[in-house]
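*Asks:* Sequence:
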Amino acid sequence: MPQLDTSTWFTTVLSTTITLFILMQLKVSLYNFPQTPSVKSIEHMKTNNPWESKWTKIYSPLSLPQQ
1058 MPQLDTSTWF TTVLSTTITL FILMQLKVSL YNFPQTPSVK SIEHMKTNNP
1108 WESKWTKIYS PLSLPQQ
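Count along the sequence shown from 1, then add 1057; that gives the number in the working numbering.
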């Protein structure tokens, strides 16, 4: 039974790692990043919710009078 020749593994792994690194660098370099990011306003935006326009009260079953 022949033995597995591992003498070329280091070269293969190293070249694969370098190739993947270069490919990832090329992918990232193609993105367009904003030069000066804009600051968003921190003001609280008021939203009109339908349940805020009327008064409601929720009763729990234990607070109802005994029947």
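If you are wondering where the hints come from, they were derived from the structure by calculation, not from laboratory data.
Wrong hints could be hidden among the right ones.
Label pairs and their calculated CB-CB ranges [what the hints assert, rightly or not]: (1) Gln1060 with Tyr1088: 42 to 50 Å; (2) Ser1072 with Ser1095: 55 to 63 Å; (3) Lys1084 with Thr1063: 42 to 50 Å; (4) Ser1098 with Ile1075: 52 to 60 Å; (5) Lys1097 with Trp1066: 31 to 39 Å; (6) Leu1071 with Pro1094: 34 to 42 Å.
All C-beta atoms, glycine included, are put in the ideal place defined by N, C-alpha and C.
*Asks:* Does the Cβ distance between Leu1071 and Pro1094 fall inside 34 to 42 Å?
*Replies:* holds, 38 Å
*Asks:* How does the Cβ-Cβ distance of Gln1060 and Tyr1088 compare with 42 to 50 Å: does it lie in that range?
*Replies:* The hinted range 42 to 50 Å holds for Gln1060 and Tyr1088, with Cβ atoms some 47 Å apart.
*Asks:* Between the beta carbons of Ser1098 and Ile1075, is the distance compatible with 52 to 60 Å?
*Replies:* Check failed, 46 Å falls outside 52 to 60 Å.
*Asks:* Taking 55 to 63 Å as the hint, is the beta-carbon distance of Ser1072 and Ser1095 inside that range?
*Replies:* violated, 43 Å
*Asks:* Has the hinted range 42 to 50 Å been met by the Cβ atoms of Lys1084 and Thr1063?
*Replies:* With Cβ atoms ~31 Å apart, the hint is violated.
*Asks:* May I ask you to test the hint 31 to 39 Å on the CB atoms belonging to Lys1097 and Trp1066?
*Replies:* Violated, since Lys1097 and Trp1066 (Cβ atoms, about 51 Å apart) do not stay within the stated range.
Going through the hint list in order, the structure does not satisfy hints 2, 3, 4, 5.
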